[in-house]
Each structure stands twice: as C-alpha cells, then as structure tokens.
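Engineer: The lines below spell out each chain.
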Amino acid sequence: MMRRFVLIAIPYLWLLALFLVPFAIVFKIALSDAAIARPPYFPQFDWVEGIGAFLAELDFENFVWLTEDDLYWKAYLSSLRIAFISTFLTLLVGYPMAYGMARAPEEWRPTLMMLVILPFWTSFLIRVYAWMGILSNEGLLNQFLIWTGLIDSPLTILNTNTAVYIGIVYTYFPFMILPIYSALERLDGSLIEAAEDLGCSRLQAFWLVTIPLSRAGIIAGCFLVFIPTLGEFVIPSLLGGSDTLMIGKVLWEEFFSNRDWPVASAVAVVLLLLLIVPIVLFQRNQQKQQEAEQ
Amino acid sequence: MTLKTMTLTAIVALSSAAAVAEEVRVYNWSDYIDEDLLTKFEEETGIDLIYDVFDSNELLETKMLAGGSGYDVVVPTGSFLARQIQAGAFQPLDKSKLSNAANMWEVIEDRTARYDPDNVYSINYMWGTTGIGANLAKVKEVLGDDAPIDSLDLVFNPDNMAKLAECGVYFLDAPDEMIPAALKYIGEDPNSMDADVVAKAEPVLTAVRPHVKKFHSSEYINALANGDICVAFGWSGDILQARDRAAEADNGVEIVYNAPKEGALMWFDQMAIPVDAPNPEAAHKFLNFIMEAQNMAAASNYVYYANGNKASQEFLEEDVIGDPAIYPNEETLQNLYIKEAYPPKVQRKATRMWTKVKSGT
Numbered sequence: 001m002m003r004r005f006v007l008i009a010i011p012y013l014w015l016l017a018l019f020l021v022p023f024a025i026v027f028k029i030a031l032s033d034a035a036i037a038r039p040p041y042f043p044q045f046d047w048v049e050g051i052g053a054f055l056a057e058l059d060f061e062n063f064v065w066l067t068e069d070d071l072y073w074k075a076y077l078s079s080l081r082i083a084f085i086s087t088f089l090t091l092l093v094g095y096p097m098a099y100g101m102a103r104a105p106e107e108w109r110p111t112l113m114m115l116v117i118l119p120f121w122t123s124f125l126i127r128v129y130a131w132m133g134i135l136s137n138e139g140l141l142n143q144f145l146i147w148t149g150l151i152d153s154p155l156t157i158l159n160t161n162t163a164v165y166i167g168i169v170y171t172y173f174p175f176m177i178l179p180i181y182s183a184l185e186r187l188d189g190s191l192i193e194a195a196e197d198l199g200c201s202r203l204q205a206f207w208l209v210t211i212p213l214s215r216a217g218i219i220a221g222c223f224l225v226f227i228p229t230l231g232e233f234v235i236p237s238l239l240g241g242s243d244t245l246m247i248g249k250v251l252w253e254e255f256f257s258n259r260d261w262p263v264a265s266a267v268a269v270v271l272l273l274l275l276i277v278p279i280v281l282f283q284r285n286q287q288k289q290q291e292a293e294q
Numbered sequence: 001m002t003l004k005t006m007t008l009t010a011i012v013a014l015s016s017a018a019a020v021a022e023e024v025r026v027y028n029w030s031d032y033i034d035e036d037l038l039t040k041f042e043e044e045t046g047i048d049l050i051y052d053v054f055d056s057n058e059l060l061e062t063k064m065l066a067g068g069s070g071y072d073v074v075v076p077t078g079s080f081l082a083r084q085i086q087a088g089a090f091q092p093l094d095k096s097k098l099s100n101a102a103n104m105w106e107v108i109e110d111r112t113a114r115y116d117p118d119n120v121y122s123i124n125y126m127w128g129t130t131g132i133g134a135n136l137a138k139v140k141e142v143l144g145d146d147a148p149i150d151s152l153d154l155v156f157n158p159d160n161m162a163k164l165a166e167c168g169v170y171f172l173d174a175p176d177e178m179i180p181a182a183l184k185y186i187g188e189d190p191n192s193m194d195a196d197v198v199a200k201a202e203p204v205l206t207a208v209r210p211h212v213k214k215f216h217s218s219e220y221i222n223a224l225a226n227g228d229i230c231v232a233f234g235w236s237g238d239i240l241q242a243r244d245r246a247a248e249a250d251n252g253v254e255i256v257y258n259a260p261k262e263g264a265l266m267w268f269d270q271m272a273i274p275v276d277a278p279n280p281e282a283a284h285k286f287l288n289f290i291m292e293a294q295n296m297a298a299a300s301n302y303v304y305y306a307n308g309n310k311a312s313q314e315f316l317e318e319d320v321i322g323d324p325a326i327y328p329n330e331e332t333l334q335n336l337y338i339k340e341a342y343p344p345k346v347q348r349k350a351t352r353m354w355t356k357v358k359s360g361t
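Protein sequences, first through last, are from chains A and B.
Take the first sequence: its letter number 83 is residue 83 in my numbering, and every next letter is one higher.
Take the second sequence: its letter number 276 is residue 276 in my numbering, and every next letter is one higher.
Hints in this document: simulated from the structure, not taken from any laboratory.
Note that CB positions come from ideal geometry on N, CA and C, so glycine has one too.
Treat the hints with caution; some may be incorrect.
Said to hold, decoys possible - What follows is a list of derived Cβ distance ranges for each label pair:
{"hint": "1", "chain 1": "A", "residue 1": "Ser153", "chain 2": "B", "residue 2": "Asp244", "range": "46 to 54 Å"}
{"hint": "2", "chain 1": "B", "residue 1": "Gly46", "chain 2": "A", "residue 2": "Ile126", "range": "33 to 41 Å"}
{"hint": "3", "chain 1": "B", "residue 1": "Pro210", "chain 2": "A", "residue 2": "Leu77", "range": "15 to 23 Å"}
{"hint": "4", "chain 1": "A", "residue 1": "Asp69", "chain 2": "B", "residue 2": "Asp244", "range": "41 to 49 Å"}
{"hint": "5", "chain 1": "B", "residue 1": "Gly46", "chain 2": "A", "residue 2": "Val21", "range": "18 to 26 Å"}
Stated by the list, open to error - Once the Cα atoms are required to be at most 27 Å apart in a straight line, the calculated DSSO-like pairs of lysine-lysine come out as:
{"hint": "6", "chain 1": "A", "residue 1": "Lys74", "chain 2": "B", "residue 2": "Lys200"}
{"hint": "7", "chain 1": "B", "residue 1": "Lys163", "chain 2": "B", "residue 2": "Lys345"}
{"hint": "8", "chain 1": "B", "residue 1": "Lys261", "chain 2": "B", "residue 2": "Lys138"}
{"hint": "9", "chain 1": "B", "residue 1": "Lys345", "chain 2": "A", "residue 2": "Lys74"}
{"hint": "10", "chain 1": "B", "residue 1": "Lys63", "chain 2": "A", "residue 2": "Lys28"}
{"hint": "11", "chain 1": "B", "residue 1": "Lys349", "chain 2": "A", "residue 2": "Lys28"}
{"hint": "12", "chain 1": "B", "residue 1": "Lys63", "chain 2": "B", "residue 2": "Lys163"}
{"hint": "13", "chain 1": "B", "residue 1": "Lys214", "chain 2": "A", "residue 2": "Lys74"}
{"hint": "14", "chain 1": "B", "residue 1": "Lys214", "chain 2": "A", "residue 2": "Lys28"}
Next up, chain B with everything else stripped away, as it sits in the complex (with noise of 0.2 Å):
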C-alpha cells in the first residue's frame, strides 16, 4: 500500500466511525424529562444523546456567553434568552426541519414572542409559576390554621417566617426570581427596570433572610417530599412533583403548591440551539421529536408542568389538563406576570444585592 492509499483509507474509517457515533448533546433542568423518552430518542433515531442537566440559568448563561460548550441543545428561560439571543449565543431554527411545528400553541408562542421575536431562534418545552410550595400540616402547627399559605405574606413577613423557621424553610437561589416576588409583595411593579426600584427588594428579603435554611433550586424537591423543610418558594412542578414523591413515599407527608394570590411569575423554558453546537443537525431532530404531541405530553405527565404544545393536550392525563396549579384559569392567567431581562447595569446591581442577600452581610 502506498502512504496515499494509507492515508485515504485511514481518513475514510475516520469518517465512518464519526458517522456510526452520531451523537446529540442536551443541556437540561434537573428532574425535567420522563427519561423513557430519552431511549425512545435514541431507538428512533439511532442517534447516541448525551443528557446533561443544570439547575441555575446563570450557569448556562455562563456557559453560553463563553462559547464553546459542546451542547446541540439547551433550554434557558425566557429572560435569559433573550438576553442570550442579544448576545449571538444562538442560531435561527431551520422551521424546514421542524415538521412538528404546527402542534405549538400560538397563546403560548405569543406571550414568548416577548423574549424571541417570532419565535426564529427557540421553541417552548414547558412553561409554570414561581410559588409556595407548603407541607400543609407543619405550617398549620406552626402558624395555626389560618396560614396564609397562598399568600406572598408567608414567606416575606419576618413573623411568619421568624416562625417557619422552626421547620425549615428553602429559598430559590435565583435573583430572577426572588427580587421579583419581594417587589410585587411591597406593591412595586415585579418587571421595574429601574435600579431604584429593585434596589426596594433589598430590605424585604434581607429582613428574612436569617430565617432561610438555605438558598437552592433544585434540592427542595426532596427536602419538601421528606419533611425535613415545611415551606419551599420554588416552582410549580417542582413543588407537584415533590407532592408526589411524598405520597408515593406514603410518609404522612401532604404538600400543596399555590401561586402566590398577589400575583405571580410565569416563566417560558425555552429550548434553542448553540451557535457553535456540534451537531445541529440532530439538535434538529431532537427539537422535532419533542414537538410530538405524544412525547411532549409524556414529558408533562412525568413533570407536571404545562407545556406549549396544543396537540399534545389530547394525551394529557386529567390530573395535569385538570390542575389549575399547572394550567391556570383565566382568573389565575391574569393574575400572573412576566419578567423581562434586565439591563446590564442594573442586572450587575441585582446580582450584587443577590449577593449580599445570602452572605448576610
């Protein structure tokens, strides 16, 4: 054989073996998929899917704005998408190979069209609220039978928190999230991009600070479901999902999720594809197998958070479709609020305040 021949046929069993290991490389919330679905992924498709998951949009965002992160897929939140968008961290979706497209639900693409214009670079996987999550039998001991449990007046009154304490109490560690739901709780308008404004979120949450057992977005979910915390300000499926774990567990252990009466955040998980991913072309397909009504709506019947997809409603179980905590009423719906993102400089100044919020000092 001549080096040139030794060369070719070296290059080509290269070429094949890379062809053999397609590969997809998905970045996800943690506890946020029916992991059946990620067999059923690679059975249909052939396609090796590496599934990694996260639990703080600023560490993807990080990783987004550092470039190079090697995932095909990644879901931020509204907010940050946008800002991620801005940023060029994102490629435009080729609608061409998305032939599940015309399942989505236009409500929903019309409240996400607020962070991704036209929807060109994401499609919603799920969306929810920011509220309380309570073990209802503990806060009622504590607080007596009257706890305002739906109720932003439980988790930013000193008192009632100075009390809860007793039996533990979990904060999201997410400036996004929580400065919006102390501003709402004093009256001020929770999407304020004025640095004034938000700076008045800094007394609420530090006046209760001392009572937080810890700051974390994604342990809750056991802590509540074992009884070792009594309240938890987290996500609404999160919440539902630490619910069930509780009942499957058959602990005595009963935890209702309300979104907060005063108002409360609803927020867009929406999944996009890297500038630099590797392998658009599988990120492509994953994004379509998940557009399937039946596969989006086994995603939401394992989670219990709603998703953007009308046609995967059909095959919803009636305890999801039929939970105003999951899929809201038109009451609950105008009682909901979106956030946008902030500014760069006042975003510096609200992680700052973030910052100072949980070291106490």
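Excised from the complex, chain A in its bound form (with noise of 0.2 Å):
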C-alpha cells in the first residue's frame, strides 16, 4: 500500500515542482504592476505585510489590457495559423518519406533511420542559421537558381514568412516521421493484399487501408509538431520579417524590449490555456489508441 503510495506521489511531486510551481509563479508576477525596481514588478511577497495585504493588491489589469489591445489578438491568430499550415506542410513532406521508410528494404531502414534522425546532433541555432545563408539575397539558393538562368533578380525569401515555413517545416519534420513510420512498419502487408485482391486499386488501398491505419501516428505527429510550433520564437526571429508576428516572438519583446514582466506574464498564461486544447486532446487520442491495443 505504502510503496504504490510513493509510487503515485513521484510523478505528482514532479508535475507539481516543475510545472505547477512555476506557473503559480508566473500567474502571480500576470497579477501585479510594473514597476521600476529589482525585479520590475510590484507587489513583490513580504513575510512583514502578511499575505492579506498581498493579495490585496493583485489585479487582473494586464489581462484586460490584452483584450483592449488588437496586437496581442491577431499575434494569437497569426500564430495559430503559422501552426497549422506548417503542420499541414510539415505532414506533407513528412508522410511520403516515412511511407519510404516503411516500404524500404529491412536492412536499409535503421540507415534511413540514422539520416533522419543524424541533423539533431548539430546545434539548431546552427541549422537555423545555415538556413540564412541558403535564403539570403546573395545566398546558395538564389545563386543556383540565377546560375541555372530560371531567374534574372534574386527571390527576396530570407525576412519572409516563407523562410519560416521553411525553418519549421525543416526543424520539425523527424516529429511528423517518426511516429508516423513506427505506425506504418507495424502495418501488416497482408490487409493490403487483402484489399487489392478484393478489387481495390492501389491509390485505393493506400486510401481505404493505410491511411486509416498510420492515423494514429498521423494524429501524434501533427500534435508534436503543432504544439511547440505555436510559441516558437527563434525560427521566426532568424527567419522571419518584422511583419511575421508569433506569439512567441510578441512575449520576447515584452519581456526583453519592453521590461514588462507583468504584461509578458499574461501573454504567457493565455499562451498555456491556448496550448492545452490541443495537449489534452493529443492525451486522450494517446489513451484510446492504448485501449485499442490492449
């Protein structure tokens, strides 16, 4: 009794010191002023003045300020779109390659594997930035295609919001292939016969039978992908242009430009509620696959 006791309180203990305290934090620092001082927000807690008088002064005006304020708005929106037509994007890159993966011979998957997986042992600071210079005016892409004489004036890619489509779809689709291919190695040839021998097409087949079947690994794949795309804040800074707005990038000045700790704070819990639809979502999409197997 005692020890699955102990056993049930380390995950709580973890979620409690590492995600509850902190956001306590921060929902608390989301209800106070700012203020010049060390750090720039008031009330800070004083043992002396007791929690009564504490609270008391806790507000939710940062809040408010964000509905009176069309910037923050349409930062979620922009963000929430970024998101989903990279993770559309991402999806469809990602799909074929890891169908590719799946079909190919068993002794060339764990090197299919490997190149896939092999660009996450560079820093992704440096991988965004090697994406700069590929974009750039004067960069390889724009050189190649003038070379190939297919345009006379460079593309002007780099600063776009394309260039952060591309920084994102590259950064994040091992997310999308990976469970995307442990779900279609798993797929058992047979069905697929099955299907064809009963009159289906192939395009058919792969229609009716795989894709239903690789769901649940598609549905896990948009979710890692759409999740941390939606606060992303380094790829649109490099990539993007001052009219890319993300939230991510938006919180970033608040805090950084602006010193506004309470303003950034609220941004940042409206961030996490946004964030939490789709995680419970992608939870329960989790639990009813497990139900499934078992």
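Can you join these two chains into the complex? Each is in its own frame, and there are hints to help.
Structural biologist: Here it is, written out as structure tokens:
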C-alpha cells in the first residue's frame, strides 16, 4: 500500500515542482503591476505585510490590457495560422518519407532512420543560421537559380513568412516522420494484399487501408509539430521579417524590450491556456490508442 | 592526515585557486572599444577580463532588473541608467579607488548629473549624437543633388522614404531614440513626458515604416559600409566606423554622418557597477584603467566617439578631436537635446507603440 502510494506520488511531485509551482509564479506576476524595481514588478511578497495585503494588490488589469490592444489577439491568431499551415506542410513532406522508409528493404531502415535523426546532432541554432545563408538574397539558393537561368533577379525569401515555413518544416519534420513511420512499420502487409484481391486499385488501397491504419501516427505527429510551433520564437526571429507576427516573439519583446514582466506573464498564461486544448486532445488520442491495443 | 586537516587543505587550495583566477566581467556595447585595450588591462593587472557585448539598452535593463547578471561593469545610456539607479541596480562608486577621477571633464559631468546626481554611481565612457548616415552617391542618385541629407525630412518624409526604399534604409531598434526624433520632426518637444504628446510620434513613424528595410541597432555599420543600404538612422560613431570600413575596403562607398539640423539627440553612455557585482574591487580597477587619459584616447581614436575625459584630449588624433561630427562646435552643441527617462505608464505606451510600428499592425 505504502509502496504504491510512493510510486504514484513521485510523478505528481514532479508535476508539482516543475509545472505547477513555476506556473503559479508566472500567474502571480501576471496579476501584479510593472514597477521600477528589482525585479521590475510590484507587489513582491513580504512576510511582514502578510498575505492579505499582498493579495489585495493583485488584479486582472494586465489581462484586460491584452483584450484592449489588438496586437495580442492578432499575434495569437497569426501564430495559430502559422502553426496550422506548417503542421499541414510538415505532414505533406513527412508522410511520403515515412511511407518510403517503412516500405524500404529491412536492412536499409536503420540507415534511413539514422539520416532522419542525424541533423539533431548539430545545434539547432546553427542549422537555422545555415538556412539564413541558403535563403538570403546573395545566398546559395538564389545563386543556383540565377546560374540555371530560371530567374534573373534574386528572390526575396529570407525575412518573409515563406522562410519561416521552410524553417519550421525543416526543424520539425522528424517529429512527424517518427510516429508515422512506427505506425506504418507495424502495418500488416497482408491487409493491403487482401484489399487488392478484393478489387481495390493501389491508390484506393492506400486511401482506404493504409491511411486509416496509420491515423494514430498522423495524429501524434501533427500534435508533436503543432504544439511547439505555436510558441516558436527562434525561427520567426531569425528567418522572419518585421511583419511576421508570432506570439512567441511578442512575448520575448514584452519581456526583453519592454521590460514589462506582468504583461509578458499574462501573455504566457493565455498561451498556455491555448496550448492546453491540443495537449488534452493529444492525451485522449494516446489513451484511446492504448485501449484499442489492449 | 586527519579529516580536519584535509578539509583545511582543501579550503586553502580552493581559495588560492580562486585568487589566481581573479576575473572581471564587462558588458559593453558592440563595436565600442579598441580590443588591444582589453589585453593591455589583463597584462597590467593580471586580472582575467571577460568581455561580452550587447546592442540594446532594453536588453541590458532586463538583465539589470532581473538581478544576478554576473557582470562587474555595465554601460547603460543616461536615461536608462537613471531608471536603473532608481530601481537600486547599482552600487555607489568608491572614489578613493579611482585615482584617475581628476581626468574627467566637468562639462560632460554637469550634463550626466541629470541622470546620475553628483555622478555617484557612474563615470562617462563615451557620448555622441543620433543622426543620419548616408551613402552619398546612392542617395543623390535617388533623390537628386539637393537631397536633404542633414535633415529629418530625409527619413520622416514618406515621399523621400518611398524613393530611398529602393536602395535600403535601416532604423535603430530603439524607441527611446526614434520617438524623440519623430517628435522633433513635427515640432514637438522631444523630451516630452506627456503620453498624449508621445502618441503623436506614432503616425509619423507608421507613415515611413513600410519603407524601412530593417529595425536593428548594430547591423547597419556593415550594411552601410558594404553598400547594402543607403541610409541609416543611427549613432554617430557607428556611422563614422562604417565610413572608415568602407574607405578601408576601397569599394567606392562614401558614407557621411550628419546630426539633423532640426536638432539631434545627445546621449551619454555611462559605466557603472551592478549592486550584485561578483568582483567590485576588480570593477573599480577596470574603471580606473579606462579613466587613464591615454587608454580613453585610444578607445575614442578607435571607435570615433567623443569621451568625457578632459585629460585624454591631448592624445586624440586630429580626425577625432577636430571633427565637428564627433566633438561638436558650440553652435551645434546648442542644437542638441537630451532625453530623460519616461515614467512607467508612459514607458509602457511608448514601447507598445514601438512594437506596433515595427510589426505594422
């Protein structure tokens, strides 16, 4: 009995220490006011004044501010749009690759898997910097296109949303490939043979059998790409232009440029609430899948 | 050996190791010192110097207000320094450790006292103006020979900017510099602390924003020098550095700097010691080293900014002390304005306006 209790308590303590406590701190700052102080907000908790006086100073003013200024909801919407589109693009690129890997001869698969994972051994920042070198006006891509004679003057790709999509798809497609690959690899080939024997064309068999059976992998991959993309900061700030509006960038600006910790915290709390919806959906999907397997 | 002696030996060993590896961490603006000075300091004092750079007062302030930055010497601009002093971010300087204090220039100290009363917390490192850097040939090609390169009209008149967009314009990513300039252009008080007056800068900035290639506070040095852009609204010495880099590269790019004739912002970068500096002793040594006349002159000769050190002036090269863009004459000096720190509510409005202007929403 005791052992069971301890076993259950450990993950909960983990959650408490690494999620709930930091969240409570951020939430508390979101309720305070910006001030010229160190750290730059007020009130700060003071044992002498007591908890009552402390709580009385807190209010939801910063959340009201978020609704009054259209910058924020535009940034949330724009982040959602960018996250949806990039998830879709990643799926478009990732699925055929995962399919190819799963269909490849058994002895090739570890090598192909290695090729997908290998870029992770290089720092993420360096890989994004490399894209800056590829996409800039004098970059490799434009040089190549001009050399082939396809275009006369360089295309402006760097510092636009296109560059952001390229960066996100490049960075996150392994997260899409891996779950889809593991779903496709387990797929029983005889089911497709059966479909074809029963008169399906290859395309129909793919659409009616392969896709539905890899659905769990697709859903898992989409969530793994969608969730981090929504709060992405590094890619839009390095590859995007000044009109690339993403909430991660707004959050950074609030914190580092505006030094407005309370508003930055309020933005973070709302972002978290936005993320909870897909995370809960993801959990339910995983659970259903597990139940189905049992 | 008993446990006690072992522990003692360990403590002695550790503390002597710490004494050997004494270090001082300095956080200064990018492209803002002659790097030979850094080695010279290490040779003279035997202290390891760790030198990091930044390009935004806002970023520095975030670190100062969060505390625990780990730096011993930082270099905020006057208006930011004032706010950080108020927040309790700095320790008063121990003047007894600054034997070179007599070298400082009272003309500048009088002005910096507006931010740091009696100059208790800081010494002046460099000062300068914010103005217009132009690639002469390109600007004339676009706007004709009578292009207003010494006027705010060049960067705040949408007609001029629409044409300049072809060859590229960079603005500083610094609301505390750009908002006063926009206010000056429409004839308002650039140092206004009134939220309604500050708000008048927004339409001026929004009107020219589509023609600004990038808001950035350090990349314009190289961009100007390479000829990638033709106009930058930036800091005097940075633009003069661009001028020199272009001359060295001999790439046919000629850069000129002008403080706008309508009036230019005069700013002061001050060296100060954070209240939680790990090694204030070494920080004072670094300040005293910088205050030495020849060292300060070497720094100014290298970065083309004027300094607040009277004694250094005899060691300055003629193209520094004799250049009115660096050491303005009396007439230009009359035309310079200063900017104090905004109160918190106005600050929030100003920074929010800046975010909006930049993102174009």
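Engineer: Are there hints from earlier that the structure breaks, and if so, what are their numbers?
Structural biologist: Per hint list: 1, 5, 7, 12, 14 violated.
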